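A.B. asks: Sequence:
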Amino acid sequence: MEQQKEIVGKVLNYIEDNIEKEINVDKIAKNVGYSRFYLNRIFSECTGITIYKYLQSRRLTMAAEKLILSNEPITKIAYEAGYDSQQAFTLAFKQLYLYPPKIYRSMGVFVPKQNRISLCGNFNNTRYNLFISMFKEMAA
Numbered sequence: 008m009e010q011q012k013e014i015v016g017k018v019l020n021y022i023e024d025n026i027e028k029e030i031n032v033d034k035i036a037k038n039v040g041y042s043r044f045y046l047n048r049i050f051s052e053c054t055g056i057t058i059y060k061y062l063q064s065r066r067l068t069m070a071a072e073k074l075i076l077s078n079e080p081i082t083k084i085a086y087e088a089g090y091d092s093q094q095a096f097t098l099a100f101k102q103l104y105l106y107p108p109k110i111y112r113s114m115g116v117f118v119p120k121q122n123r124i125s126l127c128g129n130f131n132n133t134r135y136n137l138f139i140s141m142f143k144e145m146a147a
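Using the numbering used here, read the sequence shown as starting at 8 and increasing by one per residue.
To be clear, the hints were calculated from the coordinates, so they are not data collected in a lab. These numbers come from a predicted model, not from an experiment. Here a beta-carbon is modelled for each residue, glycine too, at the ideal position from N, C-alpha and C. One or more hints might be untrue.
[Unchecked claim] Using 16 Å as the maximum straight-line C-alpha spacing, the simulated EDC-like pairs for lysine to aspartate or glutamate come out as follows: (1) K28 x D91; (2) K83 x E29; (3) K60 x E13; (4) K12 x E52; (5) K109 x E72; (6) K83 x E27.
[What the hints assert, rightly or not] Restraint ranges, calculated between C-beta atoms of paired labels, are given here: (7) K120 x N20: 19 to 29 Å; (8) V118 x S51: 41 to 51 Å; (9) Y45 x T82: 29 to 39 Å; (10) P80 x G40: 36 to 46 Å; (11) M114 x Q94: 32 to 42 Å; (12) T57 x K28: 17 to 27 Å; (13) Q10 x L98: 32 to 42 Å; (14) K34 x A95: 39 to 49 Å.
Use the sequences and the hints to build the structure in full.
C.D. replies: In structure tokens form, the structure reads like this:
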């Protein structure tokens with residue numbers, strides 16, 4: 008179990024360190040040194056979501072923040088979030104935030120989506136203890 012927690016910690020670190028780069032589950036698996044299937048299984052067991060869903064939710068949350076705090080065009084924000092088209096971005100954004108990006112921006116309030124992260128035990132990694140605590144506080 009300790010080894011699985013370490014591996015999930017490495018996955019989380021890699022995602023956070025490279026969130027704005029072009030990454031996917033295959034690149035994460037290659038970097039961490041395990042198969043994508045094994046990583047997805049242990050990540051899901053420890054967090055309650057797949058690596059892909061976690062990555063997508065983090066990117067969409069960052070995009071939501073940019074929509075509110077900047078005047079960047081939605082197409083640029085969509086591209087930075089890893090989407091090739093504004094239509095694909097709008098569909099994914101609407102599924103998470105219930106509103107299309109344009110309407111969300113006009114509301115003027117950033118509400119970060121609370122990705123449910125439920126780790127198996129405690130990480131020794133202080134950075135992620137703080138990260139998990141932040142999500143728990145937002146959920147309260």
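A.B. asks: The structure should be examined with respect to each hint, and the outcome stated for every one.
C.D. replies: Hint check:
no.: 1; hint: K28 x D91; verdict: holds, 14 Å
no.: 2; hint: K83 x E29; verdict: holds, 15 Å
no.: 3; hint: K60 x E13; verdict: violated, 20 Å
no.: 4; hint: K12 x E52; verdict: holds, 10 Å
no.: 5; hint: K109 x E72; verdict: holds, 13 Å
no.: 6; hint: K83 x E27; verdict: holds, 13 Å
no.: 7; hint: K120 x N20: 19 to 29 Å; verdict: holds, 21 Å
no.: 8; hint: V118 x S51: 41 to 51 Å; verdict: violated, 25 Å
no.: 9; hint: Y45 x T82: 29 to 39 Å; verdict: holds, 37 Å
no.: 10; hint: P80 x G40: 36 to 46 Å; verdict: holds, 39 Å
no.: 11; hint: M114 x Q94: 32 to 42 Å; verdict: violated, 21 Å
no.: 12; hint: T57 x K28: 17 to 27 Å; verdict: holds, 19 Å
no.: 13; hint: Q10 x L98: 32 to 42 Å; verdict: holds, 38 Å
no.: 14; hint: K34 x A95: 39 to 49 Å; verdict: violated, 20 Å
Hints 3, 8, 11 and 14, counting from the list given before, are not met by this structure.
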